[in-house]
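Residue numbers (the numbering used here), protein chains in the order written: chain A, 74 to 186; chain B, 823 to 935.
These are calculated hints, taken from the structure and not from any lab test.
On a predicted model such as this, the values are computed, not experimentally measured, just so you know.
We put the beta carbon where it would ideally sit given N, CA and C, even for glycine.
Careful, some of the hints might be misleading.
What the hints assert, rightly or not - Quick partial rundown of chain A residues pointing at chain B, CB under 10 Å, derived from the structure:
no., residue
1, Lys117
2, Gly170
3, Gln175
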Amino acid sequence: DAMVIQNPRYQVTQFGKPVTLSCSQTLNHNVMYWYQQKSSQAPKLLFHYYDKDFNNEADTPDNFQSRRPNTSFCFLDIRSPGLGDAAMYLCATSRGGSTDTQYFGPGTRLTVL
Amino acid sequence: GDSVTQMEGPVTLSEEAFLTINCTYTATGYPSLFWYVQYPGEGLQLLLKATKADDKGSNKGFEATYRKETTSFHLEKGSVQVSDSAVYFCALRITSGTYKYIFGTGTRLKVLA
């Protein structure tokens with residue numbers, strides 16, 4: 074049973090055309106994360122939420138925004154995608170405790186033409 | 823700041839060979855430690871974890887022991903299979919004032935039949 078679901082799995086957009094990636098979870102976890110991953114490098118944290126408390130990484134470009142309308146859903150909005158934004162985008166969740174595991178979705182592969 | 827250092831890959835082994843992937847960490851406090859595996863085109867999956875010193879995590883024939891004295895969490899498997907070919911990430915959960923995880927750069931393993 075899928076616990077962290079990402080849609081779509083593959084997204085193609087044009088340079089500068091806004092795109093939204095979706096993540097949902099059935100785990101009822103407090104924390105949701107968005108990562109960017111390029112070419113099997115380490116995932117790079119963009120931001121995370123504890124419930125509705127939003128935490129942005131200092132080096133996350135302003136081009137990237139996020140929304141968490143409820144516990145189950147979280148969205149990543151890329152306002153004006155550039156060629157350098159082509160990557161795998163991973164959503165993850167955790168309960169928030171210091172020993173808790175982080176659970177990942179399958180990822181969305183974004184292509185920018 | 824907290825960090826994770828992994829041995830660089832790729833690691834190429836023959837089937838049934840012994841595997842070691844080194845991981846060391848720098849952290850304040852007593853972080854929980856994780857190994858994740860990523861197969862091509864997929865998200866990260868938890869392989870094993872350890873939450874305190876001398877704990878041994880194990881799963882699917884893989885093992886890693888939390889060594890506080892050497893700040894290490896090396897991944898081992900006695901006999902690898904072709905299906906173990908993937909990228910392996912060592913990670914730690916920062917203990918104080920945040921919900922973030924830190925990942926190593928990943929080690930690609932290729933197992934030849």
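Hint by hint, here is what the structure shows:
1. Lys117: 9 Å, holds
2. Gly170: Status holds, d = 9 Å.
3. Gln175: 6 Å, holds
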